[in-house]
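Those sequence lines, one after another, are chains A and B.
The first sequence runs 1 to 130 under my numbering.
The second sequence runs 1 to 384 under my numbering.
Hints in this document: simulated from the structure, not taken from any laboratory.
Any given hint could turn out to be false.
Below, computed lysine-lysine pairings styled on BS3-like, alpha-carbon distance capped at 27 Å [to be verified]:
| # | chain 1 | residue 1 | chain 2 | residue 2 |
| --- | --- | --- | --- | --- |
| 1 | B | 272 | B | 233 |
| 2 | A | 48 | B | 250 |
| 3 | A | 28 | B | 250 |
| 4 | B | 272 | A | 54 |
| 5 | B | 155 | B | 233 |
| 6 | B | 13 | B | 359 |
| 7 | B | 303 | B | 271 |
| 8 | B | 272 | A | 100 |
| 9 | B | 225 | A | 100 |
| 10 | B | 155 | B | 225 |
| 11 | B | 272 | A | 86 |
| 12 | A | 54 | B | 301 |
| 13 | A | 28 | B | 155 |
| 14 | A | 86 | A | 28 |
| 15 | A | 40 | B | 233 |
| 16 | A | 40 | B | 263 |
| 17 | B | 13 | B | 233 |
| 18 | A | 100 | A | 40 |
| 19 | A | 86 | B | 301 |
| 20 | A | 54 | B | 155 |
| 21 | A | 100 | B | 233 |
| 22 | B | 318 | B | 359 |
| 23 | B | 185 | B | 250 |
| 24 | B | 318 | B | 250 |
| 25 | B | 271 | A | 86 |
| 26 | B | 318 | B | 301 |
| 27 | B | 359 | A | 100 |
| 28 | B | 272 | B | 185 |
| 29 | B | 155 | B | 20 |
| 30 | A | 48 | A | 28 |
| 31 | B | 155 | A | 86 |
| 32 | B | 318 | B | 263 |
| 33 | B | 318 | B | 225 |
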Amino acid sequence: MSTPSRYWREIPQRYRLEANKCETCDAKFFPPRLLCPQCKRRDLVPAKLAERGKVLTYTIIRVPPHQFADQAPYAVGIVELDDGVKLTAQIVDCDFEELKVGQRVRIEFRKIFQQGESGILCYGYKFVPE
Amino acid sequence: MRDVAVIGMGMTKWGELWEKSLRTIFVETALLALDDAGVNRIDSMYVGSMSSGVFVGQEHIASMLADYLGQNPIPSTRVETACASGGLALRLGWMEVASGISDVVLVGGVEKMTDVSGYEATYALSTAADQEYEGYHGITFPGLYALIARAHMEKYGTTREQLAMVAVKNHHNGSMNPLAQFPFKITVEAVLNSVMVADPLRILDCSPITDGAAAAIICPVEMAKEMGKPVIKIIGTGHATDSIALSSRKDITWLEATYQAAKQAYAMADKKPHDIDIIEVHDCFTIAEICVLEALGIVEKGKGGVAAEEGITSLEGKIPVNTSGGLKAKGHPVGATGVAQVVEIVKQLRGEAGDRQIKEARTGMTQNMGGSGGSTVVHIFERE
Chain A
1 MSTPSRYWRE IPQRYRLEAN KCETCDAKFF PPRLLCPQCK RRDLVPAKLA ERGKVLTYTI
61 IRVPPHQFAD QAPYAVGIVE LDDGVKLTAQ IVDCDFEELK VGQRVRIEFR KIFQQGESGI
121 LCYGYKFVPE
Chain B
1 MRDVAVIGMG MTKWGELWEK SLRTIFVETA LLALDDAGVN RIDSMYVGSM SSGVFVGQEH
61 IASMLADYLG QNPIPSTRVE TACASGGLAL RLGWMEVASG ISDVVLVGGV EKMTDVSGYE
121 ATYALSTAAD QEYEGYHGIT FPGLYALIAR AHMEKYGTTR EQLAMVAVKN HHNGSMNPLA
181 QFPFKITVEA VLNSVMVADP LRILDCSPIT DGAAAAIICP VEMAKEMGKP VIKIIGTGHA
241 TDSIALSSRK DITWLEATYQ AAKQAYAMAD KKPHDIDIIE VHDCFTIAEI CVLEALGIVE
301 KGKGGVAAEE GITSLEGKIP VNTSGGLKAK GHPVGATGVA QVVEIVKQLR GEAGDRQIKE
361 ARTGMTQNMG GSGGSTVVHI FERE
């Protein structure tokens, strides 16, 4: 099991959706990058992710990794947010049968999984249909 | 640069090899390759292995395998680019021979996947995805390819039956490969009724968990001729990368790294897609073969599903794909897969492929891919 530092250092992204952007290319990065892959500019400025978007594709995970064993089946999708950033996360509070590509969703802060009986409770973002 | 040829290859029966350790599986296979080439001395070796650390808790395997192959103190290098590790081992070996640094090089790959539980094996494979931004949210490897499959179906109208036909074709081919893990035929109905793993992909869309190794011996073409060996020349090689996170790509259905690696290999070989007689592609999931054929330029964008349905890629088709049975039927010991593709192409070009032999095959291609497409290695071979 990892030390808490590995979890702690991702908190700005997982809890607060902190991204950054290149003002030359008008491109937003999540997670934040140290340089823009297009123009190689390094002085990227802080930005925040849009909190709404649409489902590009999704699946229902029926054979999960062990830390998600108690949650299966669950939906995971790639969502294109309204600022153009694409993000992978679970889609919750939905009927699998009614999920569809193009569906509008918003980001909510939720528990993702827990590291065993006495480990860290891991939180982050999930998508909820609008 | 010197021209390089494959003069030996080896592969043992793949499957759940409970009685054999990683080192035994590798050495048995490497000895077959050495015997096939007729050499007992090598200058250097490269071994593809994705995750021996997670699968058997053993790193530093390059030196260990050189030792058990009786080759210490030659230089031995482990290569890792997830599931493309074996293909990259060949490319690095090719560089070493082409540059003149070494003459005879063994390139191999090995994975021992059944010493851990299914959960742990799934975890080991998932480390090829972005752990902080994909794995953290509970996505699995079948899940990532399911995301690609759904997007491909939405965008191009690819059908669930077309996906199944890829598995049916590869199992048909694999039924003629005695070294395959699952050498039997399946039907479209069997695929469509198999257990759902990650919608829309079912268990018979997925390559299995496999123990196995593969090896090849390469040397300069001039030396191969002096030895009187059938000369299977490496005429093109390419290697390219992409973001390992699927969501970071511009088009989820497009394998840019495969496109780029193929472009390099075609240019070097001075070949076009229609010049290729046979291809071994990385069908870790049925949808992967469909997207790969599009990125290689074998079919138009969006037509990969139709290719399987119309039989273009069958043994009797215009361009047979995965004559070995592919990862689907032959098995997928991750680090070994890229080298096993080379073994099949060499067998075909030599005319040693038995019941699945493609007549007049002269030019062959391999495409070996890591993760959900974050790395790809392509090679083109020709019989002199």
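Check your understanding: Is residue 271 of chain B close enough to residue 86 of chain A, meaning Cα to Cα at most 27 Å?
Key -> Judged against 27 Å, a Cα distance of about 36 Å means the pair is violated.
Practice item. Would you mind confirming whether the straight-line C-alpha gap from residue 272 of chain B to residue 54 of chain A stays at or under 27 Å? Key: violated (39 Å)
Point to revise | Pair hint outcome, residue 318 of chain B versus residue 359 of chain B [Cα-Cα no greater than 27 Å] | key: OK: residue 318 of chain B and residue 359 of chain B at ~12 Å, within 27 Å.
Review point. Are residue 13 of chain B and residue 359 of chain B close enough, with their CA atoms no more than 27 Å apart?
Key: holds (25 Å)
Exercise for review: With a cut-off of 27 Å on the C-alpha distance, tell me whether residue 155 of chain B and residue 225 of chain B pass.
Suggested key: violated (50 Å)
Review point. Can the restraint linking residue 318 of chain B and residue 263 of chain B be considered satisfied, given a maximum Cα separation of 27 Å?
Key: With Cα atoms ~21 Å apart, residue 318 of chain B and residue 263 of chain B stay inside 27 Å; holds.
Check your understanding: Within 27 Å, alpha carbon to alpha carbon, are residue 28 of chain A and residue 250 of chain B?
Key -> Satisfied, since the Cα-Cα distance of roughly 13 Å is no more than 27 Å.
Point to revise | Satisfaction of hint between residue 301 of chain B and residue 54 of chain A, Cα-Cα up to 27 Å | key: With Cα atoms ~24 Å apart, residue 54 of chain A and residue 301 of chain B stay inside 27 Å; holds.
Exercise for review: Quickly compare the C-alpha distance for residue 155 of chain B and residue 233 of chain B to 27 Å and report which way the hint goes.
Suggested key: violated (39 Å)
Check your understanding: Is the straight-line distance between the alpha-carbon of residue 318 of chain B and that of residue 225 of chain B 27 Å or less?
Key -> Measuring from Cα to Cα gives roughly 32 Å; hence the hint is violated.
**Study point:** Proposed proximity, residue 86 of chain A with residue 155 of chain B (alpha carbon, max 27 Å)
**Key:** holds (17 Å)
Review point. Are the Cα atoms of residue 272 of chain B and residue 100 of chain A separated by 27 Å or less?
Key: violated (39 Å)
Checked against the numbered hints listed earlier, the structure breaks hints 4, 5, 8, 9, 10, 11, 15, 18, 21, 23, 24, 25, 27, 28, 29, 33; every other hint is satisfied.
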